[in-house]
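J.: Keeping the supplied structure of chain A fixed, place chains B and C upon it in accordance with the hints.
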Amino acid sequence: MIAWFSDPTHWTGSDGVFALVIQHLIYSGVALFFACLIGLPIGLYVGHTGRGVVLIAGLANALRSLPSLGLIVLLVILFGPVFASDMAFIVPSIIVLVLLAVPPIMSGTYAGVAAVDPAAVDAARGMGKRPLDILFDVELPCALPLIFSGLRSATLQIISTATIAAYVSLGGLGRLIIDGRAQNDYYQMAAGAVLVGALALLVDLAIGILSRLTVSPGLTRRL
Amino acid sequence: MRFDWLYRESGRIAELFLWHLGLSVIPVVIGLLLALPLGWLAQRAGFFRSTLLGAAGLLYTIPSLALFVLLPLVLGTRILDPMNVVVALTVYALALLVRTVSDGLESVPPDVIQAANAMGYRRLPRLFVVELPLAVPVIAAGLRVAVVSNVSIVSVAALIGTPQLGLLFTQGLQLRFLTPIIAGIVLCVLLAALLDGLVLFAAKRMTPWQPGGAER
Amino acid sequence: MITFDTVSKHYRGQTVAVDKLSLTAPTGKLTIFVGPSGCGKTTSLRMVNRLIAPSSGRILLDGEPTDTMDVAVLRRKIGYVIQNAGLFPHRTVVQNIATTARLNGTPKDQALRIAHDLLERVGLSSAFANRYPWQLSGGQQQRVGVARALASDPKFMLMDEPFSAVDPVVRGQLQDEFLRLQRDIGKTIIMVTHDIDEALKLGDQVVVLRTGGTLAQVATPQELLARPADDFVADFIGRDRGYRVLGFAEFAKGGVPLGAEPTATLGATPETLRQIATDRWVLVTDPLNRPLGWADVDSLKGPLRDGDLNLSGTLAVEGSSLRHVLDAVLSSPSGRGVIVGQSGELMGTVTLSHVAEAIEAARTGRLGTQP
Chain A
123 MIAWFSDPTH WTGSDGVFAL VIQHLIYSGV ALFFACLIGL PIGLYVGHTG RGVVLIAGLA
183 NALRSLPSLG LIVLLVILFG PVFASDMAFI VPSIIVLVLL AVPPIMSGTY AGVAAVDPAA
243 VDAARGMGKR PLDILFDVEL PCALPLIFSG LRSATLQIIS TATIAAYVSL GGLGRLIIDG
303 RAQNDYYQMA AGAVLVGALA LLVDLAIGIL SRLTVSPGLT RRL
Chain B
512 MRFDWLYRES GRIAELFLWH LGLSVIPVVI GLLLALPLGW LAQRAGFFRS TLLGAAGLLY
572 TIPSLALFVL LPLVLGTRIL DPMNVVVALT VYALALLVRT VSDGLESVPP DVIQAANAMG
632 YRRLPRLFVV ELPLAVPVIA AGLRVAVVSN VSIVSVAALI GTPQLGLLFT QGLQLRFLTP
692 IIAGIVLCVL LAALLDGLVL FAAKRMTPWQ PGGAER
Chain C
-16 MITFDTVSKH YRGQTVAVDK LSLTAPTGKL TIFVGPSGCG KTTSLRMVNR LIAPSSGRIL
44 LDGEPTDTMD VAVLRRKIGY VIQNAGLFPH RTVVQNIATT ARLNGTPKDQ ALRIAHDLLE
104 RVGLSSAFAN RYPWQLSGGQ QQRVGVARAL ASDPKFMLMD EPFSAVDPVV RGQLQDEFLR
164 LQRDIGKTII MVTHDIDEAL KLGDQVVVLR TGGTLAQVAT PQELLARPAD DFVADFIGRD
224 RGYRVLGFAE FAKGGVPLGA EPTATLGATP ETLRQIATDR WVLVTDPLNR PLGWADVDSL
284 KGPLRDGDLN LSGTLAVEGS SLRHVLDAVL SSPSGRGVIV GQSGELMGTV TLSHVAEAIE
344 AARTGRLGTQ P
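Residue numbers (my numbering), protein chains in the order written: chain A, 123 to 345; chain B, 512 to 727; chain C, -16 to 354.
Worth flagging that the hints you see were computed from the coordinates, not collected in a lab. Warning: the hint list may mix true and false statements.
[Unchecked claim] Capping the alpha-carbon separation at 20 Å, the derived lysine to aspartate or glutamate pairs in EDC-like fashion look like this:
hint, chain 1, residue 1, chain 2, residue 2
1, C, Lys60, A, Asp244
2, C, Lys284, C, Asp262
3, C, Lys184, C, Asp136
4, C, Lys91, A, Asp255
5, C, Lys60, A, Asp255
6, C, Lys91, A, Asp259
7, C, Lys184, C, Asp167
[Unchecked claim] What the simulated footprint calls covered on chain A by chain C, stretch by stretch (three residues with Cβ under 8 Å from a Cβ of chain C suffice, anywhere in the stretch; the number is not a length):
hint, segment
8, 142 to 155
9, 245 to 253
The C-beta atom is built at its ideal place from N, Cα and C for all residues, glycine as well.
The following block holds chain A by itself, in its conformation from the complex (with noise of 0.2 Å):
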């Protein structure tokens, strides 16, 4: 596998590493920020006013159960033929995509929400501050460890499933492992593999990081 790696061949040119990171991480971070686009508003909408708790717990629930790589290829069947050229897989697979990250966003931002001490919002109301100053100065900085929480988990998802895309065409890294199956090239395969890992540690890594920058201390209770 070393081998693998230290070939230049293998990580320039247009089905290199490089080109392939970059894919797999535009396609993901399309995917998250339709995701984010969805489930941010409505989970922030159900933690502030309580309406629609219940629906959105089962649709998270029923979402979790599907299965991704049947999804995907439901999707470019039906869809496939209603598209031009590459969009037949990228279409479909960026919808499975936002699908699965939805609900970890929506129900994280919910649960911030919904966690919020009652008091401080009872105090801000009594102050006079306006709903909407309420929901951006009290509730979302609040809410935010468990809004990262659940842009974690969807994130990893995201990259996690995008791999998988790599069987319906989708190019980023899972290109390696899906063309490295096909030509029974295991080394190629598993540097795929180890790529993959490595790039969902890295985004991973600079999630924490972001949240630990705007997250305030007197939440995350660090000194």
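T.: Below, chains B and C without anything else, positioned relative to chain A:
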């Protein structure tokens, strides 16, 4: 949907279903058995806690397909060996359940533990008679997550060729044929619901003292 | 002045929380709502800043009806303190305090300056300024909560069980400090409590509510103790009413003759003590003439040491209530109650008969004002 295809293939589908069932359940059972002592260690503060929970978090980060591919390197197995899948899923279940067991033991009210100590329970009997039974609701909640996500992850193993319902997906794509895909998804969801219900039922039976059973 | 004008609150399902409440909380005074649980005291309080909307009736601030005001603007005029402080966990202590000033449009620098000043006012050192709420004890959090309400310098304040989440010792301290603070700032305050002793101790005016949200009595603490309106109020105030009313009668200077008390210091021999003693007991003081305790001459063997002192007697500070003076007498092993000055120096002692005379005088004085 081509029901005639389903009927013709029903024998093979049943076989795949049983494989899927085994691959989903066995790792969770092994994971739970390992997680009980490890979670107990992790719950007691100090070196074990940070190490065990840190390692669990790290393992949980690794994407499933990567783990399936890498395990032969570690275990010396062949890539097609179902053992890889079993071990990988055990690792996931263990990583999730160590935290759950430790959280569950932590959820036992300190008053109850003090009362048990005051009555003269020694540490191990106290663990089995008092702490573990009271930790069941939290452990069961984690177990449900582990079981349900395992059912979904098992199907990924189709990409390296292990027999289970995931093969219906790969077959469906190759044939551009929806029936096996839909059948696979439905069976996966059913299996997840079945196992989830089983854990829920068992937990309810084990916690008659809870107002709503194990549902939290 | 906060005026309740036939204010009612009922919820669907016909439970009445507050029933046609009419009363006035006078300007610069501390009005206390007290009553058993379910009497609607918190509901009444929260209707003032419209955290709960009244079903009917009006509440007026200095004659201005609140129902037509913008709700956020209304709340910014009123300081609000709640049971568990409700501090923002993600903000430091000064940031928390500065919040209300910022809401009222004070520039940031100035708001932080105000916050630093207030920190001292509520008895916290500046070392706390940049800590987070979790690093504070319950009592300290509550002080920050009070400071936060004061930062916008509101005319009115609402306090919902502000001192009930802390242990009795801290509660006593917070109450005393708050009384001192209120003497300086003279806010128009409504406070809710379930603790009748707190109501009697702090209130300029006490509003007793009964279950179902009806008004039972509005009176000063003295009146409440002396003339409860009905059985409910009498019951709620509880036993020891006669004794507790002494808490409001000041021990007038010169009203009761202070007896001179011979004193000894630590190290005195049994012989010296016997010489100065008027009976078995001799009062022992420190070099600054502050009482330390009583020495029993009869049981003394050898020079007087710390361990020989009987510490059971309480001290009454000059000018404190008859209740404290009486307690000093009753708790003293010699039967003579020790009166001290503001800085703790010995002023003299009083006997039970003298106190009884003072009580009698206070009683006839009080009864004399009765129609």
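J.: All hints are to be evaluated individually against the structure, with a verdict given for each.
T.: For each hint, the structure was consulted:
no., hint, in the structure
1, C:Lys60 - A:Asp244, "holds, 16 Å"
2, C:Lys284 - C:Asp262, "holds, 17 Å"
3, C:Lys184 - C:Asp136, "violated, 25 Å"
4, C:Lys91 - A:Asp255, "holds, 17 Å"
5, C:Lys60 - A:Asp255, "holds, 18 Å"
6, C:Lys91 - A:Asp259, "holds, 16 Å"
7, C:Lys184 - C:Asp167, "holds, 17 Å"
8, 142 to 155, "violated (count 0)"
9, 245 to 253, "holds (count 8)"
In terms of the numbered hints stated before, the structure departs from hints 3 and 8, listed from lowest to highest.
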